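Chains as they are written, first to last, in UniProt numbering: chain A, 1 to 519; chain B, 1 to 436.
In short, the hints are calculated from the structure, not lab data. Treat each hint with caution, since some may be false.
Computed list of lysine-lysine pairs in DSSO-like fashion (alpha-carbon distance at most 27 Å, straight line) [to be verified]:
1. A/Lys369 to B/Lys125
2. B/Lys226 to A/Lys305
3. A/Lys331 to B/Lys120
4. B/Lys120 to A/Lys318
5. A/Lys342 to B/Lys266
6. A/Lys400 to B/Lys266
7. B/Lys376 to A/Lys516
8. A/Lys318 to B/Lys266
Please read all numbers here as calculations on a predicted model, not as lab measurements.
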Amino acid sequence: MAAEMEPPPLGDAGQTDFREIEDGEGFFVSTVTILESPEPSSPDPPSMPAEGISTNGPKQEDISLDDDPEDLFAEATEEVSLDSPEREPILSDGPSPAITPVTPTAMLTPRMGLGTAEMFERSLDELEEDESGDTFDMHIAVSDPEKVGDGMNAYMGYKVTTKTSMTIFSKNETTVRRRFSDFLGLHSKLASRYLHIGYIVPPAPEKSIVGMTKVKVGKEDLSSAEFVEKRRSALERYLMRTVKHPILLKDPDVMMFLESSELPRAVSTQALSGAGILRMVNKAADAVNKMTIKMNESDAWFEEKHQQFENLDLQLRKLHASVECLVCHRKELSVNTASFAKSAAMLGNSEDHTALSRALSQLAEVEEKIDQLHQDQAYADFYLFSELLGDYVRLITAVKGVFDHRMKTWSKWQDTQLLLQKKREAESKLQFANKPDKLQQAQDEIKEEIEELEGKVQQGEKDFELISKTIRKEVSRFEKERVKDFKVVIIKYLESLVQTQQQLIKYWEAFLPEAKAIA
Amino acid sequence: MMQEGLDDGPDFLSEEDRGPRAVNVDLQTDATLQVDISDALSERDKVKFTVHTKSTLPNFKQNEFSVVRQHEEFIWLHDSFVENEEYAGYIIPPAPPRPDFDASREKLQKLGEGEGSMTKEEFTKMKQELEAEYLAIFKKTVAMHEVFLCRVAAHPVLRKDMNFHVFLEYNQDLSVRGKNKREKMEDFFKNVVKSADGVLVAGVKDVDDFFEHEKTFLLEYHNRVKDASSKSDRMIRSHKSAADDINRIASTLYTLGTQDSTDVCKFFLKVSELFEKTRKIEARVAADEDLKLADLLKYYLRESQAAKDLLYRRGRALVDYENANKALDKARAKNKDVLQAETSQQVCCQKFEKISESAKQELIDFKTRRVAAFRKNLVELAELELKHAKVIFYYTWLSISDSIKSVSQPAVIGSPIGWSTIGPVSSGFGRCRPSF
Chain A
1 MAAEMEPPPL GDAGQTDFRE IEDGEGFFVS TVTILESPEP SSPDPPSMPA EGISTNGPKQ
61 EDISLDDDPE DLFAEATEEV SLDSPEREPI LSDGPSPAIT PVTPTAMLTP RMGLGTAEMF
121 ERSLDELEED ESGDTFDMHI AVSDPEKVGD GMNAYMGYKV TTKTSMTIFS KNETTVRRRF
181 SDFLGLHSKL ASRYLHIGYI VPPAPEKSIV GMTKVKVGKE DLSSAEFVEK RRSALERYLM
241 RTVKHPILLK DPDVMMFLES SELPRAVSTQ ALSGAGILRM VNKAADAVNK MTIKMNESDA
301 WFEEKHQQFE NLDLQLRKLH ASVECLVCHR KELSVNTASF AKSAAMLGNS EDHTALSRAL
361 SQLAEVEEKI DQLHQDQAYA DFYLFSELLG DYVRLITAVK GVFDHRMKTW SKWQDTQLLL
421 QKKREAESKL QFANKPDKLQ QAQDEIKEEI EELEGKVQQG EKDFELISKT IRKEVSRFEK
481 ERVKDFKVVI IKYLESLVQT QQQLIKYWEA FLPEAKAIA
Chain B
1 MMQEGLDDGP DFLSEEDRGP RAVNVDLQTD ATLQVDISDA LSERDKVKFT VHTKSTLPNF
61 KQNEFSVVRQ HEEFIWLHDS FVENEEYAGY IIPPAPPRPD FDASREKLQK LGEGEGSMTK
121 EEFTKMKQEL EAEYLAIFKK TVAMHEVFLC RVAAHPVLRK DMNFHVFLEY NQDLSVRGKN
181 KREKMEDFFK NVVKSADGVL VAGVKDVDDF FEHEKTFLLE YHNRVKDASS KSDRMIRSHK
241 SAADDINRIA STLYTLGTQD STDVCKFFLK VSELFEKTRK IEARVAADED LKLADLLKYY
301 LRESQAAKDL LYRRGRALVD YENANKALDK ARAKNKDVLQ AETSQQVCCQ KFEKISESAK
361 QELIDFKTRR VAAFRKNLVE LAELELKHAK VIFYYTWLSI SDSIKSVSQP AVIGSPIGWS
421 TIGPVSSGFG RCRPSF
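Chain A on its own, in the form it takes in the complex:
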């Protein structure tokens, strides 16, 4: 069944009007070839998952035909179980379930659509394996959001499934239930432990009082379902990013989070708790300090990188805003297309020329399908593109935080040095003092202090060097991750665009003869 890899959906319409664009003709031929060549007859194991998933294509189609948001969750778990062990996870699978509504709606060439998606993911997988050269094999899925409890004390519980073959974990597959504050608690522990020594700790998804309240109150509408899906997806990405970090992965808190069935409730994450207020005060204090510290930057690398991240931050924020606009407008377009479709159907009904009436009804149907297409595309826009950008805007804030910590370390070191100098001056002053009996005692004291301070200065210097080194490593790892992330996600996004266009082509091709049939 999966054997039928249909040729690209290029229709039977004459080749004539495409001639002008065929500047990359030979090129296009070969891209066409790519689709054709992974024939099922090939014994390569990688093609099997493609087949396997293709055969599940129709099944996924059925699920997504209704295409309501609840099904996104159903597909999320589905996605997890479909995973063959050889399949290297690229990023989180968070975005994928959101895509699958798009993919399977390519009803007439489902295998084609899935085939291309698989194909691209596969070659990227190979790339990552080669680049990283290690055996990072871990896949975390967050699924099954379930409301626990009632009223204002209710919360959403998520199922966290970890699949791994790494030996540091006790089991190959673990499933636990966690709630949002658990994630925040994990992040706060990691941040307090690693941020100040220069490790870029991925930020946790943001709290949302409005969103959560709606869910708590029990509003079963589209927006709260969307909110839960958005959060689920964000949590998954967060965990995947965290475990991709080689140091954080080995942290006992992370392991406990993933493996132990019960976790102590993280109360200090509540916004209005004492800890929360302390955090806010600290943040304010930090901001003030940042302004007063003027660092003598001896390392041009840091200067350059700092500037780079500032620019990147600016552009990413701008891009994020534009993409959010696009999501909004596409949703609007979908709604307006649906209402136009209804209107066209009414017009067709009242038209008394039979053939025209039929054509208008067909037009209404086409537009209705197109509106669904736009909606799916809007989901893809959002879950792929917009969320990625949001994640990176927050990540860059974390990176900037790490740079700030370096500054603080430097500042501490300098302060200690200054103090040492003062003590040394005090010591030499003592030598010229005139009270011999107290002199010895004071001299001893000062000598002790100086020794202590010298130790501290050395430590401060070491700390500073260590954090600088760590930051360099972290930044290069971050850059590599960023490149991978963006490329993968943008390619996935482009694929969703391609699929939308494919569908559009199909719909209009079906309509054209109807329009021509008007006599």
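Given chain A, work out where chain B should sit, using these hints.
For chain B alone, kept in the frame of chain A given last:
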């Protein structure tokens, strides 16, 4: 100026020129009278149309001539038809809508104010966009005015109208002033009376099945076309907004791509290029939808109103006729003013029958025209949508395979998966060409 050389579609210009013909398919295009608008000039808030006529009719002094007309003069001509009792039995071609550049001008102004907040490239791009939009509106208004004239020229009776000939030939200003406030108020009241009357008249059941059916049909059809027209406008606006967003995304990606020359930056540049191309095409899609769908619906909104007006006039004549009959009966019964009543009844009868006869043909023609216009536009709409979707598909596809190329490295290409080579492949599918 709009052709950036990357799209193969017909020139924006020529598509527009096809516009008027498409909206109204002429039933009689003969050489005895051909009218078109050969040129148009936009001044501040006026548009001057150059009306060009080619005719072999003896009524005109020359065989080919041109005059300059403004919108108000078209309205004058239209109103003269409406007010002419002789034409009561015809569907008067709907008047062209007033040229409205306000929205476009506002946008240009806003752009000018916001110049400081965007980069130079963005500003130039948006300015080009708005100028193209302005040009599109301009072309549309030219097309609308032209359609009106062509409809008149094609109508066997209206084309002989004296005012029409004056309009075409008199090369001085017609001194037609727009209606002043008082006249506009008069018009307003007339309309109120007319619609009230229209309701009364419509309530009278018609003996003739054909007209009864047409009445019901037109009423419903008109309302539905109105609804469809406004919904299609909204849909197209959203489409344009989405295309604008893609424009901004393309710009920002471009900036990201030029920040440094790492691998990912080259990637960004490529994606930015793709988005730039797709948004141009998406804007085209919106424009084509506007032309083929929205304009079509708007036009038939106006035409169906004109048809309704015809039915109203006939209905009015019928009521007058029936009243005259009643009056005659009364007169005969009283044996007073019988002759007067008889003449009056005769007049009403003749009027009614004249209108009925031509109205029937007009309504049949209306249906034929409508079906033909819808067919033409829907076919063209589908073809254009298809073409654009294919082009976007092609570009996006290319971009994806380009990106894959830049992502995968030589080591990976050699892998045994069998589909890593992105280059000439000697498989049996070499003959497979894009069979778009």
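Verification of the hints:
1. A/Lys369 to B/Lys125: violated (33 Å)
2. B/Lys226 to A/Lys305: Answer violated: B/Lys226 to A/Lys305 is near 59 Å, above 27 Å.
3. A/Lys331 to B/Lys120: Distance ~30 Å between A/Lys331 and B/Lys120 Cα, so the pair is violated.
4. B/Lys120 to A/Lys318: holds (16 Å)
5. A/Lys342 to B/Lys266: violated (45 Å)
6. A/Lys400 to B/Lys266: holds (25 Å)
7. B/Lys376 to A/Lys516: Holds: B/Lys376 and A/Lys516 sit about 8 Å apart, inside 27 Å.
8. A/Lys318 to B/Lys266: Roughly 19 Å between the alpha carbons, so the hint for A/Lys318 and B/Lys266 holds.
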